[in-house]
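Trainee: We have chain A; now place chains B and C onto it with these hints.
Residue numbers (our numbering), protein chains in the order written: chain A, 1 to 297; chain B, 1 to 297; chain C, 1 to 297.
Hints in this document: simulated from the structure, not taken from any laboratory. Worth double-checking, as some hints may not be accurate.
Since the list gives no way to pick out one identical chain from another, each pair is judged satisfied if it fits inside one copy or across any two copies.
What the hints assert, rightly or not - Subject to a maximum C-alpha distance of 25 angstroms in a straight line, what follows is the list of computed DSS-like cross-link-like pairs (lysine-lysine):
#: 1; residue 1: LYS123; residue 2: LYS234
#: 2; residue 1: LYS102; residue 2: LYS6
#: 3; residue 1: LYS4; residue 2: LYS297
#: 4; residue 1: LYS14; residue 2: LYS164
#: 5; residue 1: LYS234; residue 2: LYS14
#: 6; residue 1: LYS291; residue 2: LYS98
#: 7; residue 1: LYS123; residue 2: LYS14
#: 8; residue 1: LYS120; residue 2: LYS98
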Amino acid sequence: MSNKTKEDINVIAKELARNYRGYEDFDERHCYKLPNLKAVLDTMKDIRRLMFPGFFGPENPKFNSLDNFAGSILARIYEDMVNQVQIALNYETENCPKLQEKSHEIVMDFITKMPEIQTKLMKDVQAMMDGDPAADSHEGIIFSYPGLYAIFVYRIAHELYKAKVPFIPRMMSEEAHSRTGIDINPGATIGEYFMIDHGTGIVIGETAQIGNHVKIYQGVTVGALSTAKGQGLKGVKRHPTIEDNVVLYANTTVLGGETVIGHNSVIGGNSFITNSIPPYTQVLISLPEHKYRKLKK
Amino acid sequence: MSNKTKEDINVIAKELARNYRGYEDFDERHCYKLPNLKAVLDTMKDIRRLMFPGFFGPENPKFNSLDNFAGSILARIYEDMVNQVQIALNYETENCPKLQEKSHEIVMDFITKMPEIQTKLMKDVQAMMDGDPAADSHEGIIFSYPGLYAIFVYRIAHELYKAKVPFIPRMMSEEAHSRTGIDINPGATIGEYFMIDHGTGIVIGETAQIGNHVKIYQGVTVGALSTAKGQGLKGVKRHPTIEDNVVLYANTTVLGGETVIGHNSVIGGNSFITNSIPPYTQVLISLPEHKYRKLKK
Amino acid sequence: MSNKTKEDINVIAKELARNYRGYEDFDERHCYKLPNLKAVLDTMKDIRRLMFPGFFGPENPKFNSLDNFAGSILARIYEDMVNQVQIALNYETENCPKLQEKSHEIVMDFITKMPEIQTKLMKDVQAMMDGDPAADSHEGIIFSYPGLYAIFVYRIAHELYKAKVPFIPRMMSEEAHSRTGIDINPGATIGEYFMIDHGTGIVIGETAQIGNHVKIYQGVTVGALSTAKGQGLKGVKRHPTIEDNVVLYANTTVLGGETVIGHNSVIGGNSFITNSIPPYTQVLISLPEHKYRKLKK
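One chain only, chain A, in its complex shape (with noise of 0.2 angstroms):
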């Protein structure tokens, strides 16, 4: 590099430097550093090894070993959480308390809800088999199914996002959008035995609430009327409530906080609902009137 582009450089250099300076999200006010992303990720491979033993990370246990498998993961997800969870509190702090405890009674009451978390989520994996033609064994939707993917995170971010940590369920669930195409926004709340198959273009909005045994398609909007207000919303619930056995089939839209979806209601492909359904209802959109026209050979 020729001295004359050495200069070059460090002009460009300062100049970036007067622009941090004019943005807080840059500046010295923050007590702490930032939350590592790199380390919230691998985080989170450690807990869906936790959640399926055998099948992802270098390890392959001896199914007889089943019993130590879980305690040194466990004790690993809990430093590494405790780590990042307080540099998350710290950092929208002003005065730089130590948070550690508040960020150890956080973690331990995450951890101790794994359990739990692994019981729902071989629950999902029931829904998927019992649910797709495609499948051939609760193995292969464990190692490759997007949508078992997708809300094992989300059920993971929804506990964080519950105990208010800022930032980390964001991170988890926008890595889990990125891998699969599903947005489920980590305040979402979501029954038992849930089913997404393809998945690619899903989207399920921060105060949608969905029952048990529901199944949704690809392309499906579980969304807002409109967010034109912006930050005027917060906090409004502004998604659709969809109730127990619905299936909502590919590419639907079901808009609105006051929307529901009764329960054991079917919602056919590319249907745009703005009102609430009642229970046990079938619904398909008229088919669009199409045109046909002979083409010369």
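Mentor: Here is chains B and C on its own, set in the frame of chain A:
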């Protein structure tokens, strides 16, 4: 970590171990271990280097060394696949037979098809070049086009699906789904000169049949009419047939195992088709009625 | 591996070598080697660290060291890009000229724009904060929002597209497409304060023109009416113009090079638009007719 924390973690670990014991997915019934996801995906990377020498991987072969390029990569693919295929085959058996010979046969049969698949992929590259005004070069397509990546993985996974290898085809196809948003079941049948553009949200089901010179755009579903019967539909043809020279524009849905899109037909965007279309037909939806309202300035 | 297997693999390798010889994509015609995908994507990671100091990468700079943050990263970006841009430029030439000087000029011009792009990206962050009720902080958006990531990569790749660098802009934009499901062609023109929410399935074509303060939701296509002419459409404006302050809600399709969405218009979800819309217009599709049927309990 305090002793109290250690003890608490121990209790949770024991509870998880009890959970694991409740699912045969994790039990000692199985003769061997599970296939390794990372090993399978690493082999897929090797196969990609083999298909497109010089484009992927660390090496950048001098072009005059092309004669020696394939040998060592093929040997590694062989060794790694024999290993993983044997694990996958063994896993599903009850008496723990040695399946090395069967695994060898499947893998040799598979790698014998590599030149033929390589030729097919170069036809797919050509189809994308011809069909996309934004395409600048074969090289750009090989490096970057998600449609080509999805087709590459499909053509590989489909061979293993036909050979009835458990787990591995879907591990491969879901990696492509994750990376591209294009979900092609390894069981689908797809002809030559296949073009996908943009691709996100495409779903092509397990029993779909697609001819030669077909073009498919983002958001297209070639799917089942209903999956309410779940595993009861196993093996039934439940996805459409798309004949030669058909174009399916963006976000079109074609459903049902008896639905045939006749050759040389062009299906406009956002169509929703559940009946067969004769050959040489252009289909356009009537634009949905739009309501217009003047906004105040 | 048995000798028989070695011989069989050798035969396949020879057949592949014959294949390679049949495509000029792999031949000796080219002066130099191909660009390296990993190197390009690593540089993109460095640029992201530069745009958002402290958020990505291993370092977590003390905020009082911000003045020195940019220099060494910029120097590395310069060196790596000069290398890859030169390879890309050389690859397409016939007489193997030394293009180091041209590569230097392109890259210096590019990195000189870094402060300006950084400022634009912080405006995009602000637009997402203002427009999304679920957003909690700038930091959360920078860490996790796929819309911001897609715009970041677009703003980088667009500069290299304008400089007519082969291969590299699309390598970058397809990485963002893969990660986010948002497919913005590097050739598109996009103004300031651009907001994308959710994002999966968005397609913005090469010749699209998008103004300031535009919001786009998941599944929106800003695309071409027909690509039947393939390469015959090269360079023609075939994608729409979206003027300032427009909102395109989820799954809306806007097609055609002469289509203009006038400023301050709001296009409701699932619209399908192929003609121009005047300024200050709200467009809503009439809800598709839905048929309701009572299901038996």
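Trainee: Confirm or reject each hint.
Mentor: Structure-based check of each hint:
| no. | hint | in the structure |
| --- | --- | --- |
| 1 | LYS123 <-> LYS234 | between (33 angstroms within a copy, 21 angstroms between copies) |
| 2 | LYS102 <-> LYS6 | between (48 angstroms within a copy, 18 angstroms between copies) |
| 3 | LYS4 <-> LYS297 | neither (65 angstroms within a copy, 52 angstroms between copies) |
| 4 | LYS14 <-> LYS164 | neither (38 angstroms within a copy, 28 angstroms between copies) |
| 5 | LYS234 <-> LYS14 | neither (38 angstroms within a copy, 41 angstroms between copies) |
| 6 | LYS291 <-> LYS98 | neither (68 angstroms within a copy, 58 angstroms between copies) |
| 7 | LYS123 <-> LYS14 | between (56 angstroms within a copy, 20 angstroms between copies) |
| 8 | LYS120 <-> LYS98 | neither (35 angstroms within a copy, 36 angstroms between copies) |
Of the numbered hints listed earlier, those contradicted by the structure are 3, 4, 5, 6 and 8.
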